[in-house]
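With these hints in hand, go ahead and build the complete structure from the sequences.
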Amino acid sequence: MKQKILLNLVLLMFLSVQISLAQQTVTGVVSSSSGEPIPGVSVVEKGTTNGTITGIDGMYSLKLSTSSPTLIFTTIGYTKVEMSVGTELNINIQMKEDVQNLDEIVITGLASSTKRGNLANAVSTISAKDLSGVTVPQTVDGALYGKFTGVNIVSNSGAPGGGTSVKLRGLTSILGSSQPLYIVDGIYVDNTSIPANLNFLSAAAAGGNASSQDNASNRIADISLEDIETIEVLKGPSAASIYGSRSGAGVIVITTKKGTNTGTRVTLDQTVGFTNAINLLGTRQWNEQRVQSVYGADEVPTFVAARNAGRIFNYEDELYGETGLLLNTNLNVSGGNDKTSFYASVINKDEEGIVKNTGYKKTSFRVNLNHKFNDFIELSTSANYILSSTDRGYFNNDNTGTTLGISYLSTPSWANLFPDANGNYPRNPYGAANFLQTRDLMTNNEDVRRFMGGASLSVRLFQNEKQNLKLIASGGLDSYSFVSNVFAPRELQFQSNGAGVNGASIQGNTVVNNYNVQAFLVHNYAPNSKLTFNSQAGILSLNFDRDTKIAVASQLIGTQTNLDQAGSIQINQTRQPEEDFGFFVQEEVNFDDKIIATVGLRADKSSNNGDANKLYYYPKANIAFNLHEFDFWAGIKETVSQLKLRVAYGQAGRFATFGSTFTSLNNVLIGGQAGSLISTTRGNSNIGPERQAELEVGFDASFINNRIGLTVTYYNKNVTDLLLNRQVPLSSGFSSEIINGADLRNQGVELGLRAQIISKANFQWNTGIQYWFNRSEITRLDVPAFNLGAFGATLGTFRLEEGKSATQIVGIDDANGDGTSDGIRVFGDSEPGFQMSWTNNLSYKNFELNFLWHWKNDYQNVNLSTLLFDLNGTSPDYDDTGIDPSGALSNGAYRVSRLGVSADVFVEDASYLRLREVGLFYNIRQKALGNVFAGAVKGIRVGVSAFNLLNFFKYNSYDPEVSNFGGDGLSSGVEVAPFPSARRIYFHFNIQL
Amino acid sequence: MKNLKYIISFLVLWFTLASCEISQLSDPNNPSSDLVNNPSISEIQNLVSGVESGMRESLANYYDVVNMIGREYWRFSGSDPRFTGDLLGKGSSSLDNNTFYLTNPYGARYRVIKNANLLITGINNTTAAISADQKSNAVGFAKTIKAYQYLLVLNQLYQNGIRIDVTDPDNLGPFRSYTDALTDIANLLNEANTDLNAGSETEFIFSLSAGFAGFDAPSTFAQFNRGLAARVALYRGNYGDALDLLDDSFLNLSGGLDVGPAHFFSISGADVTNVLFFPQNANGELRVVHPAFITDAAAGDTRVTSKTSLRNSPASLDELTGEYDFWAYKSQSDPIPIMRNEELILIYAEAKIQTDALGDGEDALNTVRNAASLGDLPAGLTKAQLITAMLNERRYSLFGEGHRWVDMRRYDRLGELPLDRPDDNVWVQFPRPANDEGE
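Each protein sequence line maps, in turn, to chains A and B. Under this note's numbering, the first sequence has 656 at position 656, and the numbering climbs by one with no breaks. Under this note's numbering, the second sequence has 237 at position 237, and the numbering climbs by one with no breaks.
I should point out that these hints are in silico values taken from the structure, not numbers from a laboratory. Every value quoted in this text rests on a predicted model; they were computed, and no experiment measured them. No residue lacks a Cβ here, since even glycine has one placed at the ideal position from N, Cα and C. Treat the hints with care, as some may be off.
Covered stretches of chain A (chain B as the covering partner; in silico rule of three or more C-beta atoms under 8 Å from a C-beta of chain B) [what the hints assert, rightly or not]:
1. 169-176
2. 236-250
3. 669-683
4. 789-796
5. 868-878
6. 898-905
In silico contact screen, one side only, chain B against chain A (beta carbon under 7 Å); selected entries [said to hold, decoys possible]:
7. Ile7
8. Ser9
9. Pro28
10. Asn29
11. Asn30
12. Pro31
13. Ser33
14. Ser49
15. Ser53
16. Asp86
17. Gly89
18. Arg111
19. Val166
20. Glu285
This is the structure we're talking about:
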């Protein structure tokens, strides 16, 4: 049905076509008020789509299509300039800085964009320069830290290949992902984390929490930062409503780079860097008495012998002390002519981790093509192919004592784990695994082959002086295979001599095929010079299909990795098809840039809902008043150059999780007989989507000729019908059921201050301070308060409770001090009290210095690494004192004594202050190079940069940014023996031809 | 007028779009539980195997919990402190009502009960060509397994009671007191026994794993049913009943002690390996025999030597040190007994002693002692002495099989269990799971 509609729409667009007449060519240089050339300025002939972009030298050249036209110059960070073309065809332009970016064009919907000055929402935009111009963040999500307000980003571990949780304006879902929707050039990009079934070896899910805890990366890591032109962040439903049922957690709209018609440009960017752990903890200093108290008197002679022989080892340094080499190469070519433009890139990354045999390799190819058939029809396509391979090591919680983290912390420093001359590893008598052997011999690899392609056809169906009608038809495809390969050879300590399963080869293959097609009609109508109407309608169809097969071969033959070389094979397949259909209408009215109002409605249905054909509606409405555009403002325009008041309301949703409706029978096997055992999850045929409704109010103001800009936003986001995995009485035979059972409110304030402090010919300094916080409250809970997301109240856990913060951390406590636990108390919250960031861009002559500080204050983690160290007697600070209020016990002994009494020592303050990004560059411009390379080289840029160079925190582990349970739902900030975090330092060389 | 045209076109378009159908999905990965509306014989077989397989879920948790509190062995875990903390009542720790040591085995047992209920529904609904007697026999199987699962849950919760009526997840029955629940279980076993004895079919319509070899026909499975009923009678203090029930069980005073149904384990494919197996001399994750089990043993007791193994070096964790591995299961495919003839002989002995047939009781005790290469008990022991002796034989004969804690509790002797650290405690029972509380 919908395919047919799309087809009709596509046929419609091959209607009338006109031919344009090229006449003259205008050229010139665009520079800043200090005389520096500005690259990337958009130069457009007013009233047409004819345009170009300035080059690295600020030069442009545009063939005019009309007589006596006006040129419009726009770029981020500068005020728009309009210049009419007379007889002079060499037009040089000086642009004034504008810290508020009022003229920047912001994507506000599926088919619409608005200039920032007219936006009724606080949409954040991050440019290529801010994103990847300072240093080399690991992944796209990791590059967002501190760059806009209203977000809480937590990295799950320091493992190569990423793994990050991004939450916009607080928690939006408890059961499902609170991660935003990513749309890259119109393609709905899959951001799943796919576990490799390390759990077969670790049995992590066999204990108190059924999450696999496999430390999988999330797939947005495949997108290359270097290809990105801009990122726009629609933080909540008030801005993202038109994206409907998958946008409840916000939408991150990514636009990749396009070619220009100013001749072919080649850029080669090479960085070489290194990485090391940001915070190693040290090891416990042993003596006879300490050895005896932990291991008994029998162990003392072993310790003394090892000490006398000089065989006391620093295993932390051995395991986490590597310095990894980081190589990034980015070669891109862009160019084009008036009709066709292209951007092509090859990006290669080869990054080692701080643990031997870990690393990340990626090669990405991208081709973006734009072609104008004529003034009416334009086609743009993008194609991106990615190959990546990640070795992530074996970390996090387990119930077998075998992960590198757990086996490390159970091993004292006098153990000898090093292999002999023949490569035989000794058994670790203190743990279930010899972690050096595991590190050296075990494989945990993720291999991705991914294609993302999109095409968008824009046809102007009709145009006259007052109105025009445009059809935009587009489609996107995201298709990848994810191959995980875990190999634990049978000579490993935990796979030999009866332990384990005599070797395991675990091979997973996930094939994802997602596609989206959509068609929109956009109608512009300007009855007079002061009033414009923009009407839109569109339909969308989204299809998602994931098919995961994981084979576990055990009882391996010799050193074989092949699945058939095994005594036992298990296969597991999970298919996850989903289908959505939606449509929308939207009307925007602009009164002379003074008042801008929009109303819209989106309708959606999905196969994930209890009733697949029930439509769910998401309305939106917003209005902005540009007070400075009114006549009465003229008197104070000198001091307050801009003041916009804005109010926006919108709803969005999140579909029920796949499978919520099924009550199924799981397959089991006993003695060769296949069996059916009732699933522990009870299906709910009434399940519907979660709904987020957000009201956002705020104002934007600029002072002193736009040199100081202030943005203030308050939002109130109510999430209703939250999906809950309701714990049902276990005696029903089920353990849980998915229901729409809770409401939640997020409120927050976001402040942004930008200022151009110094603007001289040789010296510029721009700075920005962001401050934001979010507070949540569970406003309705249909089930009794319950714990989730960690390991129970004894150790500290999240707890959903009506009237309380959704992210509160509670634990058992001994309120009356009698030495026994007597109830549950709140010990913290994973939502920061506030976050602040401070960005700075300084340039002096040819030097550029950029740095970004990020402060996350007042939030807590559940630190169980320290507890496990303590229980094994190996904590670096075991013998220190200070945390026992009575002063009687050492830190380690005191923490152990609190186990079962109070969780107070396990819930720790995780506040941090980091120098997230810093980069110092030197630019050699074409002028200086002209003679050397015969003008071929347009610029050279060299520099040094770092990510997470300085980190300040009191938290008693490797890094407060950690998540044993990955990025979904509530659970970030629970730590169990993770892959430690690393800083990265780079040297840059960039040449442009 | 013009506007009206637009409005009408708009409404038509809206209606068209709204009526685009997308298909309602059924689970692409698993069969739906709705199949019990009319299952085929092979689907009934699947449900039966599901029941049997499900009995092994979280079984390690159950045995570890019960055996640790009974001070039979310690489960050492480098990654979970709650075994040696909470379960041994270390310091001031308490048993949590929402932690794996309770919720995992509790949930797993009720899951099997749910599956057995689905099986019963399926058997009653099926239009497959099977006779009424065959249906009864199959229902008898399902009810017997249900009764056994209830009993294991009740062992953990004791006086906190358990729910018996759990057919409708939206309307669960009340918690029944310990005494009432035992009565319910006994009645359920009796119903099952009647069902198993209906007609004269020599085979079930389904097959069971090798764990039930010798107990896989209605008549032999009924012997297991009666054995269980005897165990329940003992718990209820109905010693006369126990003796009667034993008559129809697989009790054989001169037979092999290990005869009896068992949980089947295998290393093949998706099957489950022995959940209580760790290799000897393991580190990190292991089961260490409680030192008192060794030191209290009579010299030459082969029950000790056959179920324990001296470690190369002692294992220590959390101020506990032990020198012997728990070594009742020697490989990953060893079965774990559900009920053995040795237990039936001991039930017989206990019931005889309690009904003052002291000689018969002592003879039965000597049977298991002799099998363990020990001599007879001194003749002429008093009833009280014989009860103590009987508990001791049960301790060694049924080592690691989940009886010690229950036995000591039955005789109000939990205070006699050894404590290993100054502030350890012996728990009497587990709390009701948090999610099952508000009834």
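Verification of the supplied hints:
1. Here's how the stretch 169-176 of chain A fares: 0 of its residues keep a CB closer than 8 Å to some CB of chain B, so the rule of at least three is not met and the hint is violated.
2. Given a C-beta distance limit of less than 8 Å, the hint that chain B covers the stretch 236-250 of chain A is violated, as 0 residues qualify and 3 are needed.
3. Here the stretch 669-683 of chain A counts 13 residues with a CB under 8 Å from a CB of chain B, which clears the bar of 3, and the coverage holds.
4. Restraint check on the stretch 789-796 of chain A versus chain B: 3 residues with Cβ-Cβ distances below 8 Å, three needed, restraint holds.
5. Check result for the stretch 868-878 of chain A against chain B: holds, 3 residues qualifying (beta carbon to beta carbon below 8 Å, three or more required).
6. Proximity of the stretch 898-905 of chain A to chain B, defined as three or more residues with a beta carbon under 8 Å from a beta carbon of that chain, is established by the 3 residues found.
7. Interface hint status for Ile7 of chain B: violated, as the beta-carbon distance to the closest one in chain A is roughly 13 Å, over 7 Å.
8. The interface hint given for Ser9 of chain B is violated, since its Cβ lies 11 Å from the closest Cβ of chain A, which is over the 7 Å cut-off.
9. Because the smallest distance between the Cβ of Pro28 of chain B and any Cβ of chain A comes to about 4 Å, under 7 Å, the interface hint for this residue holds.
10. A hinted interface residue such as Asn29 of chain B counts as satisfied when its beta carbon comes closer than 7 Å to some beta carbon of chain A; here the least separation is about 6 Å, so the hint holds.
11. A distance limit of 7 Å between C-beta atoms decides the matter here; for Asn30 of chain B the minimum to chain A is near 4 Å, and the interface restraint holds.
12. For Pro31 of chain B, the interface hint holds, the least distance from its beta-carbon to any beta-carbon of chain A being 5 Å, beneath 7 Å.
13. Annotation: Ser33 of chain B was flagged as interfacial toward chain A, and the flag holds, the nearest CB pair being 5 Å apart, inside 7 Å.
14. Taken as an interface hint, Ser49 of chain B checks out: its beta carbon lies about 3 Å from the nearest beta carbon of chain A, inside 7 Å.
15. Nearest Cβ of chain A to the Cβ of Ser53 of chain B: about 4 Å, under the 7 Å cut. The hint holds.
16. Because the smallest distance between the Cβ of Asp86 of chain B and any Cβ of chain A comes to about 6 Å, under 7 Å, the interface hint for this residue holds.
17. Restraint check, Gly89 of chain B versus chain A: the minimum CB separation of about 9 Å is more than 7 Å; hint violated.
18. With a least beta-carbon distance of about 5 Å to chain A, the hint placing Arg111 of chain B at the interface is held under the 7 Å criterion.
19. Satisfaction of the interface hint for Val166 of chain B is found here, the shortest Cβ-Cβ separation to chain A being roughly 5 Å, below the 7 Å cut-off.
20. For Glu285 of chain B, the interface hint holds, the least distance from its beta-carbon to any beta-carbon of chain A being 5 Å, beneath 7 Å.
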